[in-house]
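K.L.:
Listed below are the residues making up each chain.
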Amino acid sequence: MANSKSAYSFAGKKQKLDTHIIVVWVDNESGVLARVVGLFSGRGYNIESLAVAEVDQKQNISRITIVTTGTPQVVDQIKLQLKKLVPVHKVADFKREDKNVIFKEMALFKFVANNIKLNKAFEACKKFNPVLLDKTTKSNVIQITALRREIDNMSKNLKKFGLVSVSRTGAVAMTRGSEVFK
Amino acid sequence: MPKLYSGAEIVFKCLEDQNVSHLFGYPGGAVLPIYDELKNFNSVKHILVRHEQGAGHAAEGYARSTGKPGVLLVTSGPGATNAVTALTDAYMDSVPLVCITGQVPTHLIGTDAFQECDTTGITRPCTKHNWLVKDVNDLAEVMHKAFEVATTGRPGPVLVDIPKDIQFQKGKYKNFTKAKKLNGKSHDNFSQKNIDELIKLISKAKKPIFYTGGGVINSGPKASELLRELVYATGFPITSTLQGLGCFPADDNQFLGMLGMHGTFEANNAMYSCDLMINVGARFDDRITGKIDEFSPKSKKVHIDIDPSSINKNVKVDLAIVGDIKSVLTSTLKTIKKSKNNFSKSNKHQISNWWEQIQKWRSKRSLDYIGNEETIKPQYAIERLYELTKDKDTYITTEVGQHQMWAAQHYKFNKPNRWMTSGGLGTMGYGLPAAVGVQIAHPKKLVIDIAGEASVLMTMQEMSTAVQYNLPIKIFILNNEYMGMVRQWQELLHDKNYSESYTAALPDFVKMAEAYGCVGIRAKTPEELDDKIIEMLNTDRPVIFDCLVDKQENCYPMIPSGKPHNQMLLGPKDQKEKKITGKGRTLV
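So the protein sequences, as listed, match chains X and V.
According to my numbering, the stretch in the first sequence is residues 1 to 182, in order.
According to my numbering, the stretch in the second sequence is residues 1 to 588, in order.
One chain only, chain X, in its complex shape (with noise of 0.2 Å):
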């Protein structure tokens, strides 16, 4: 629409986007992972990546791990309509640069390739602490943990000894120290 007359067409100040790792506790019951998931795409907010696994059977609560990019006011709508949502115990947020924070993704390589490609594959992964987890005489199949961004990194530039399939989660977060979020 070309020089639209509405009220509807006045967007505000373009503001400086952050990465944000949103953690959120919440009842393991059917349909929350709906309920989160639908409040991001029904206000328009950015999933980077969303990792959920149940961390407490006898009280059944899950732990949602969301990245996600957004300005300050965006980030704080976010935490607030979390909040707001019934299952919702507590929600917490780290700024990716804190370093008080631990962030990890875990990935898994599967190499096709000769022996020697397939040795130098796991020589490259020796800092994100390799494990073998199954190898044949043409293939293996490798997991690492690190950042997103070294895993990005990797799957380029693991292509040149076979790499064949990359898997991998989205982030999951700790804080440091004996502190714990309440």
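It should be emphasised that the hints constitute simulated quantities derived from the structure, not laboratory data.
Be aware that one or more of the hints could be misleading.
Quick list of simulated restraints, FRET-style, between CB atoms [what the hints assert, rightly or not]:
(1) K298/V - R176/X: 36 to 46 Å
(2) T71/X - T177/V: 38 to 48 Å
(3) N189/V - M174/X: 42 to 52 Å
Taking lysine-lysine pairs in the DSBU-like style, the calculated list, with each CA pair at most 35 Å apart, reads [as the list claims (entries may be wrong)]:
(4) K178/V - K14/X
(5) K3/V - K79/X
(6) K412/V - K392/V
(7) K182/X - K200/V
(8) K3/V - K39/V
Heads up, the beta-carbon is just placed ideally off N, CA and C, and yes, glycines get one too.
Add chain V to chain X, keeping to what the hints say.
P.N.:
The following block gives chain V in isolation, referenced to the frame of chain X:
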């Protein structure tokens, strides 16, 4: 061993426990066990509507005029999807609703069974919370929780989806016990420090304004009383959003009228130029703020709201007080009385220049229109309706469009809970079924739906409900044969290309009234208008009043095109003086 009840019985026992007296609904296959049980519970009266959307809006009208939650009962599939508009409407306007839907039996869920739909999936974004009950022993708890979620914090709609086999199964009933804390979702934890800061700002302000909204109404009638006390004590001017009308008397000198897109000149200019804005239970909606970057640029902003996510959502504020309006105002008044007895006097002197400025804006008389002796001006019709009904305790509902704005501008409300209109979602067809709900709740009161002829046709079938239950609602149609607000926007913003906004084949509303078994009245000239209105008021039956009004009239004042508050488009009188005509008018 405790007595076992069927799921259907449990539903009604919960409704009894929650003091529900009326249920708006429409039967169908998947709720038949519940309908079968209706005869055994005399304290719950069922109102049969003609469309599930009507049930939802009627429940909204009931809820907004009483402050109690509205309850609706509909079947699975189309029953549930038809209720979605009403649920979304209630979600936007914070109306407490409990919607009970039938669902296909549990073993058929997911098989695309007859009249199956993913009700909880569809309604997830338009309810505060919803539940699919898969175990009859959870039913009582879920029902009670549903009422609690709907009515606590910022109110809103909830939905309970009950599969047909659960309605038949036997289970235990649990009585309602009030929880102390609802999973931390109800917020009323502001501190005295917040209140002290607010009072400091109040005592310093030279150009203050109260900007009040539907939150005051939702907080109960006591909140409106406290608000009046505070406004009188401070001597500050006050303006209200569409939803807040009635929490402060509209004929009081301190009231500047409604603000926003069709608000008064004085209210919007005061909002633009103020140095202290105290937002009480409003949410900085885009129809209020206009262009957000230029919204009230020089003011300190205070926001009192029960919903923490409303704070800093659209507009950054300087002081946020999260809490129920009633308790915040109580603390504020208590602190004022304790600390500053002569507060009001000194303050009034400080703001006298501000009032002078406001009087100057007021002298523009922005709600004025040019009268006519041959055709009825819509504003004139509302004015006469107000004059002839102001001595009665009248309840007004509206549809959506020009007539809604004229009603908000020209009908003066003095009490809360008397004004039911769809603001957030802007649902055409809201007013007629809402009037049904209001009249059910207040059988002896005068209930008028100020309507447009296009809107009212969307839910016209509910006239049949009104006739069935002898509800003497008055449908006051401002008939200009156009979708007036669409026509106005096309005139001002789309170069007078009146694309599809004229309804070429309207029904004869008087004959239609007769066909429904109610009374039809038509007014054609200003001369006969009063007599016809009196005739309507003296009719103790449902009435459709067809008021033929000026077809070209526009709703002014108006903030056009994403402009800030201080650049308003005024009515034709003002435009003539300024000689803004033709193309220039769309560019103002």
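K.L.:
Honestly, which of those hints from before does the structure not fit?
P.N.:
The structure breaks hints 3, 4 and 5; every other hint is satisfied.
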